[in-house]
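Number of protein chains: 2
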Amino acid sequence: MNPAALGGGLDRRPQRLAALREALGRADLDGLLVSSLPNVRYLTGFTGSNALLLVTPLELVLFTDFRYAAQVEDEVGGHAVVQIEPTSLWTGLWARLPAATGVERIGFESAHLLHRDFSRLLEQGARWQWRPVVDCVEQLRECKDEGEVACIERAVAIAETALVRTLEQLRPGMTELAVAGLLEHQLRDAGSEGFPFETIVASGPRSALPHARASERVLGLGDFVLIDFGAVYAGYCADITRTVVLGPASERQREIHDIVREANERASGAIRAEMQGMAADALAREYIDARGYGEAFGHSLGHGIGLEVHEGPRLSRSAEAPLAAGMVVTVEPGIYLPGWGGVRIEDDVLITADGARVLTRLDRQLTELS
Amino acid sequence: MNPAALGGGLDRRPQRLAALREALGRADLDGLLVSSLPNVRYLTGFTGSNALLLVTPLELVLFTDFRYAAQVEDEVGGHAVVQIEPTSLWTGLWARLPAATGVERIGFESAHLLHRDFSRLLEQGARWQWRPVVDCVEQLRECKDEGEVACIERAVAIAETALVRTLEQLRPGMTELAVAGLLEHQLRDAGSEGFPFETIVASGPRSALPHARASERVLGLGDFVLIDFGAVYAGYCADITRTVVLGPASERQREIHDIVREANERASGAIRAEMQGMAADALAREYIDARGYGEAFGHSLGHGIGLEVHEGPRLSRSAEAPLAAGMVVTVEPGIYLPGWGGVRIEDDVLITADGARVLTRLDRQLTELS
Numbered sequence: 001m002n003p004a005a006l007g008g009g010l011d012r013r014p015q016r017l018a019a020l021r022e023a024l025g026r027a028d029l030d031g032l033l034v035s036s037l038p039n040v041r042y043l044t045g046f047t048g049s050n051a052l053l054l055v056t057p058l059e060l061v062l063f064t065d066f067r068y069a070a071q072v073e074d075e076v077g078g079h080a081v082v083q084i085e086p087t088s089l090w091t092g093l094w095a096r097l098p099a100a101t102g103v104e105r106i107g108f109e110s111a112h113l114l115h116r117d118f119s120r121l122l123e124q125g126a127r128w129q130w131r132p133v134v135d136c137v138e139q140l141r142e143c144k145d146e147g148e149v150a151c152i153e154r155a156v157a158i159a160e161t162a163l164v165r166t167l168e169q170l171r172p173g174m175t176e177l178a179v180a181g182l183l184e185h186q187l188r189d190a191g192s193e194g195f196p197f198e199t200i201v202a203s204g205p206r207s208a209l210p211h212a213r214a215s216e217r218v219l220g221l222g223d224f225v226l227i228d229f230g231a232v233y234a235g236y237c238a239d240i241t242r243t244v245v246l247g248p249a250s251e252r253q254r255e256i257h258d259i260v261r262e263a264n265e266r267a268s269g270a271i272r273a274e275m276q277g278m279a280a281d282a283l284a285r286e287y288i289d290a291r292g293y294g295e296a297f298g299h300s301l302g303h304g305i306g307l308e309v310h311e312g313p314r315l316s317r318s319a320e321a322p323l324a325a326g327m328v329v330t331v332e333p334g335i336y337l338p339g340w341g342g343v344r345i346e347d348d349v350l351i352t353a354d355g356a357r358v359l360t361r362l363d364r365q366l367t368e369l370s
Numbered sequence: 371m372n373p374a375a376l377g378g379g380l381d382r383r384p385q386r387l388a389a390l391r392e393a394l395g396r397a398d399l400d401g402l403l404v405s406s407l408p409n410v411r412y413l414t415g416f417t418g419s420n421a422l423l424l425v426t427p428l429e430l431v432l433f434t435d436f437r438y439a440a441q442v443e444d445e446v447g448g449h450a451v452v453q454i455e456p457t458s459l460w461t462g463l464w465a466r467l468p469a470a471t472g473v474e475r476i477g478f479e480s481a482h483l484l485h486r487d488f489s490r491l492l493e494q495g496a497r498w499q500w501r502p503v504v505d506c507v508e509q510l511r512e513c514k515d516e517g518e519v520a521c522i523e524r525a526v527a528i529a530e531t532a533l534v535r536t537l538e539q540l541r542p543g544m545t546e547l548a549v550a551g552l553l554e555h556q557l558r559d560a561g562s563e564g565f566p567f568e569t570i571v572a573s574g575p576r577s578a579l580p581h582a583r584a585s586e587r588v589l590g591l592g593d594f595v596l597i598d599f600g601a602v603y604a605g606y607c608a609d610i611t612r613t614v615v616l617g618p619a620s621e622r623q624r625e626i627h628d629i630v631r632e633a634n635e636r637a638s639g640a641i642r643a644e645m646q647g648m649a650a651d652a653l654a655r656e657y658i659d660a661r662g663y664g665e666a667f668g669h670s671l672g673h674g675i676g677l678e679v680h681e682g683p684r685l686s687r688s689a690e691a692p693l694a695a696g697m698v699v700t701v702e703p704g705i706y707l708p709g710w711g712g713v714r715i716e717d718d719v720l721i722t723a724d725g726a727r728v729l730t731r732l733d734r735q736l737t738e739l740s
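Heads up: the protein sequence lines correspond to chains A and B, in order. Counting from 1, position 105 in the first sequence corresponds to residue 105 in the numbering used here; the numbering is continuous, with no gaps. Counting from 1, position 273 in the second sequence corresponds to residue 643 in the numbering used here; the numbering is continuous, with no gaps.
One chain only, chain A, in its complex shape (with noise of 0.2 Å):
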């Protein structure tokens, strides 16, 4: 067993699958097949790149294939029937299903199941009901249990490790793709497993393009750096952006700087359980439009994270969700200027019963790099 793949939340695995399963019965199915690897992971601790799972009323079936044998004993031990497959998973769920007695109408992931897949349900899965689900695993998982928490904890404090070594080795004449290089292995060896996206390191006017990647551009005195990346730990993720400045600052840059951290800051002070989606968003968007700046504001305020980088809730202008304790989001505010650069300031705030903490503790002030 390995208490590290489920976040500490091991002994939650019971409890998860208990409401998964209420869950199905409110919407009156007999089961889900779950596709979808974090949400397999969340309910079992398999962390392998192939997996089906059966969740029935009285089973739950992982269908996994060799190369992944040893490892599922180790990950999920005795708390689901494992099933290692020589060639496809499918294979295993056709000869599995029939002995699955009452079940007629099982769910399926619709956002995580591609439509050649769902061919298969119609053609050899044609006795039983198949109906689509959304967000139906998603949900259990929007509020974080402590041990969830500690992971997401964990994680941050990686990335905010990292990014401060990063920052002390940052010169004029490197090029972004180096400044990633450097990130990335200081991500490792302060312990992060993986990287959750690709790195994103804009400077000078790049800043302003809110997906740059890394390129081979070279920073020069006093460009805008805007670094936005992540960490995982035991599958949780971190994901935070920070905008230096190489060199002294410009009255203009402290300018911007200065607005987007106030964004930030009401935001994420005032985020609280109950308060919609929405209304979050508009803690931060009222701010930067009142300043002007409405229109440089591209992108919604937040989303959450957990074992996915990206995971509900979203926190934009459509959001209508209520927020709860135990959701852990971004706060992300950003100002762009085609042409001139940007800046985007990025915490992961757990809100709690009380209103919110916020995980990230690196300094939002401008940093002037000398």
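No lab work stands behind these hints, which were simulated from the structure alone. Don't be surprised by glycine CBs; every beta carbon is placed ideally from N, CA and C. Accuracy of the hints is not assured; some may be wrong.
Said to hold, decoys possible - So the derived label-pair ranges between C-beta atoms look like this: (1) E59(A) / V588(B): 38 to 44 Å; (2) F567(B) / D28(A): 39 to 45 Å; (3) W464(B) / Q169(A): 45 to 51 Å; (4) S88(A) / E493(B): 40 to 46 Å; (5) E644(B) / Q169(A): 50 to 56 Å.
Once you've looked at the hints, dock chain B against the given chain A.
Relative to chain A, chain B alone:
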């Protein structure tokens, strides 16, 4: 315009599109909705992470979102009609499609469209006839042009440089994760755009796990260290494995390594156009079988590489399709002995009109690190 985005094959976009339109004609389709991002990149040069591409006999329309407004101009230029969508790409598609006169039967990529999006075709797209297609663009991608081969060669060279520099620093007492960190840093320094898959560093008995991740395991004297990793240049991937010994090798380590090396050499040397994928697989498998380790070679011989690190063709026991000049494939035999350790030696090989050319230049002899 950005030739690098297309791997030096910028001028090939019109030919690729013409070949695709021909294939659509043969399949009696009036158009194709492309949702696979590597396929979008191959046809247009666009490298962003959110896109839909509509191919009709007269038009090529690329839908993406505002984040990529600047980038898409740069990469795609006038080669496709670009539509920037403020919310969903699908909104753009449904607004555009009615203007495509004569377009009735449209293919969609069954292996790259989620059920959720397939439902959109049946609902908002009910007035068209949607037909699942498989490997339509992927088949065009299997044979590489000169520019693509040059990019893969460059990726291979980057990977080799990084591995050599990493091996120089390998010492007993380091963890597998530390080795992965070193290697990734060297990959970045050598010019890799990223990591096409999670770096595998598996030492000692863990080298018997064909898909081990790097772990906290500490490298000891006498351990096998299996390193399977990739590099990316202009979007094109290299995929290489070497297995070394920390210190002097044992008799048994040498024996197993010799068999795998000989299997690799036999396959790399004799693979050629017109041969079926299964015949290529047999080149290595029959030798390993004859040496008594057939059961310990539990995966297929190799796969194509290109814009994806796993693509067609397959070199496996069941692969009937014939190989062709221009394909670039991995040749990666292995022997895995649970509890003891394993060896895999993986090269990247270009199939030519008159044989094959091994792109990997690294020695295949067993390296004993001192």
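For each hint, the structure was consulted:
| no. | hint | in the structure |
| --- | --- | --- |
| 1 | E59(A) / V588(B): 38 to 44 Å | holds (39 Å) |
| 2 | F567(B) / D28(A): 39 to 45 Å | holds (40 Å) |
| 3 | W464(B) / Q169(A): 45 to 51 Å | holds (49 Å) |
| 4 | S88(A) / E493(B): 40 to 46 Å | violated (30 Å) |
| 5 | E644(B) / Q169(A): 50 to 56 Å | holds (53 Å) |
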